[in-house]
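Visitor: Just need the whole structure built from these sequences, with the hints factored in.
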Amino acid sequence: MSERLAPQDKVPFWRSPQGRAWMFQLCMVGAFLWLAVSVYRNTLANLETRGISSGFGFLGNEAGFRIGEVTGIPLPQGGLLWFLLSLVTGLVVSQLISRHLKSKSERPMNSTWLSVCLLFSIGLPMLTLYIFRDSVEIAHYTESSSYFMALLTGLGNTLKVTVIGCVASTILGLLVALGRLSPNWLLSNICRWFVELNRNLPVLLQLFFWYFIVLQQLPNVRQSIDLGGWLILNKRGLYLPSLVPQQGAWLFCAAVVIGLAAIWVIRRRARRILDETGVPVKILFPSLAVLIALPALAWLLGGQPFTLDFPALKGFNFKGGTGMTPEFTALVVGLTVYVSAFNAEIIRSGIEAVSKGQREAARALAMNERQVMRIVILPQAMRVIVPPMTSEYLAIAKNSSLAVAIGYPEFVSIGGTILNQSGQAVEIVGIWMGVYLCISLLISFGMNIYNSKVALVER
Amino acid sequence: MAQDIPDRQPPATQVGLIGWVCKNLLCPWYNAVLTVVSCWAIWSAVAPFWEWAVTNASITLDPVAAKEHTGAAWGFIRDMWPVFMTGVYPAEERWRPLIALCIVVILVSLSLVASFRRSKWLKVLWFVSPIVVFALVYGGGITGLPVVGTHYWGGLMLTIMLSIVAMLAAFPLSVLLALGRTSDMPIAKPFCVAYIELIRGVPLITLLFMASVVLPLFLPSGMELDKVLRALVGITMFFSAYLAENIRGGLQGISKGQYEAADALGMGYWKKTIVVILPQALRIVIPPMVNNFIGILKDTSLVGIVGLVDLLQIAFATTSNPKWFGRLEEAYVFIAFWYWILCYALSSYSQYLERKMPSASK
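Note that the protein sequences, when read in sequence, are chains A and B.
Each step along the first sequence adds one to the number in the working numbering, with nothing skipped, and position 298 is 298.
Each step along the second sequence adds one to the number in the working numbering, with nothing skipped, and position 14 is 14.
Because the hints were derived from the structure by calculation, they are not lab data.
Keep in mind that a hint or two might mislead.
Unchecked claim - Sample of chain A residues lacking proximity to chain B, with all beta carbon distances greater than 12 Å (derived):
#1 F32
#2 L84
#3 Q95
#4 W113
#5 L114
#6 C117
#7 V256
#8 L284
#9 A296
#10 T329
#11 A361
#12 R370
To be verified - Only part of the chain A face toward chain B is listed, based on derived beta-carbon distances under 10 Å:
#13 P17
#14 F24
#15 G179
#16 L181
#17 N399
Keep in mind the model is a prediction, meaning the values are calculated, not measured.
The C-beta atom is built at its ideal place from N, Cα and C for all residues, glycine as well.
Guide: Below, the structure is given as structure tokens:
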């Protein structure tokens, strides 16, 4: 019997799992290559029959269409380029230093190294900004600008919506989540139905609702809703006063930044004293004093840093201040409300995921309600909250592309216009995908860094 | 020396109506404030809506008579009901989607009865039904019915068909992608990772644009793809990536012992995967898959942007009709109602499944 159990000399490669896997993968690569080649050939042939030249040369052509909402874009040349370069250098240097310290398993940051890092990551960019003070060119899109500038303007609008949407939906989501957790039966049910209603309706429907129904029922320019000149709302959009920087603005901003940095140092010192001696140090009043005194001093030295520019009715429309078009308002409000429902559920489930024992233990240590939340519950809830929140932020960035349906000039809608004008379908779709991929990667990169900070460190 | 201890107050009642109201609405004082604010919020949201939708509404089919009421003109919905359901599908052929709907409803209700669920015949019927439904709605071929091309399809019918077909088509693709991503094949794995991450990083709109504008360029000249089919390709590509990530979660949730046991029984890769791994993995991820299906159902509303007349676009089509011009509010409420009912039913079902499902990490 033993000869049947003897190991065979060699398994033929088509019977071994590895061999099969390789064969399968070779087939896959072959099929993919065949597909790619045939797609490439078909596309070339099709483009030729339609008389469209491929390549990205068209980006330099004159656009010639109007964009309803234009934000100034710092041109990626000259001073700005140096600024970005020094920012990256500073961050990389401080990253290298902290990694070096970690590998030497020292205390991660003592104050000397911290100041070196700060010097590099803040000081260096500030220095460049000072040297190239006037050479950051801000470009405004006009009809004679190139397609490239049009796309850049669209990208700027997309990023604007994304950032505002992320911040606003987090705040609204937090409020709704707290409402759902409140012991008040009525409030928690209102919040529950807010979530149920928003989650189960398509976001495009909601955008249409805000744009075509809510904003259309606003009064005309003449009868606009006016809150003492501070907030003006009518069919043409929402107007707020804008800040106009004056002579002393630089000094004032610097004072605020220094004040914040000082508070941070004070807090660190207070915590160190608490750790070493157990004596709690009151920091609220000193930090408030610093935060008020420094800017006030700057105000006195440099004169009034900002003046407010109020929107005023001139002719048929409001001039001055910051105007928001109805498209922008509808998009931001719609996206915020839609995503905040998801955020609320994520935050609620995160808070509920912290076991009851933790809360009870914290109470048994005589912590008050605020301390329980801040020291015990929230840090643990964050671990559950952050990863799904990342995908919600990504969803905002991606859903901002729905603006194409209500005519807000963001990246996809401007790309669509260019596509219709020039017929460069392959290139435009390629640019869309590449840019959205970059935005997604950036958001998830940032959130992953944050996540690794709040994640549970197991020893 | 006995000290005088004052009598304590009896505890506030916790039971009964008064106790409930006090505990949940009024005590302590800030709760009462919240209650008042909530009541005001409900009142200011519901009262105008009620006035518009019920008090001042009309249900007459005559648009001129409806103009005399300040509220909603539900006669518009009554009048346009078939259009909302089937779009521009020819009126005399509308019985065909209706029968198809009946077939599906009967099948679903049969599946809900526990004693029928195990029978083999039901499975066969489920497999046959898509073909029957397509033959009925499209016509032509052996049915002998006049052909109704896909550009006549629209409304709720198109929305539901798109989402169901996209789900069915995305499912096998996503299983393969998930298997590829969890495997250790040096070429196939990065391939699947790249596909999933690429698709998940871009908005659905760009994929739909790609399917509608770029896909025809990729095909050999002379080969035309149907507009609905093109949209379907975009949606399927998009959701297969999301679904693949869900299924990957399920694959990772299966203990290593299962793989090793299957190996010990001498099973090959495909046998191991199909008989042992996938049934368990898919069972774990049914609730997230239902959520995914809700996502598909909601996101099919984007096909309007590339020119299909789905349920949402019907709102614009019907309200630009001079007879009922500008009745956008009614149309939106009606459409929202349908989306909400469908999605809420599905999400309740997924929550029910989640409660019923034995958790993976026992």
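Visitor: Does each hint hold? Answer for all of them.
Guide: The hints, checked one at a time:
no. : hint : in the structure
1   : F32  : violated (8 Å)
2   : L84  : holds (23 Å)
3   : Q95  : holds (24 Å)
4   : W113 : holds (36 Å)
5   : L114 : holds (35 Å)
6   : C117 : holds (32 Å)
7   : V256 : holds (34 Å)
8   : L284 : holds (24 Å)
9   : A296 : holds (36 Å)
10  : T329 : holds (18 Å)
11  : A361 : holds (24 Å)
12  : R370 : holds (15 Å)
13  : P17  : holds (6 Å)
14  : F24  : holds (7 Å)
15  : G179 : holds (9 Å)
16  : L181 : violated (12 Å)
17  : N399 : holds (7 Å)
In this structure, the hints that do not hold are numbers 1, 16, in rising order.
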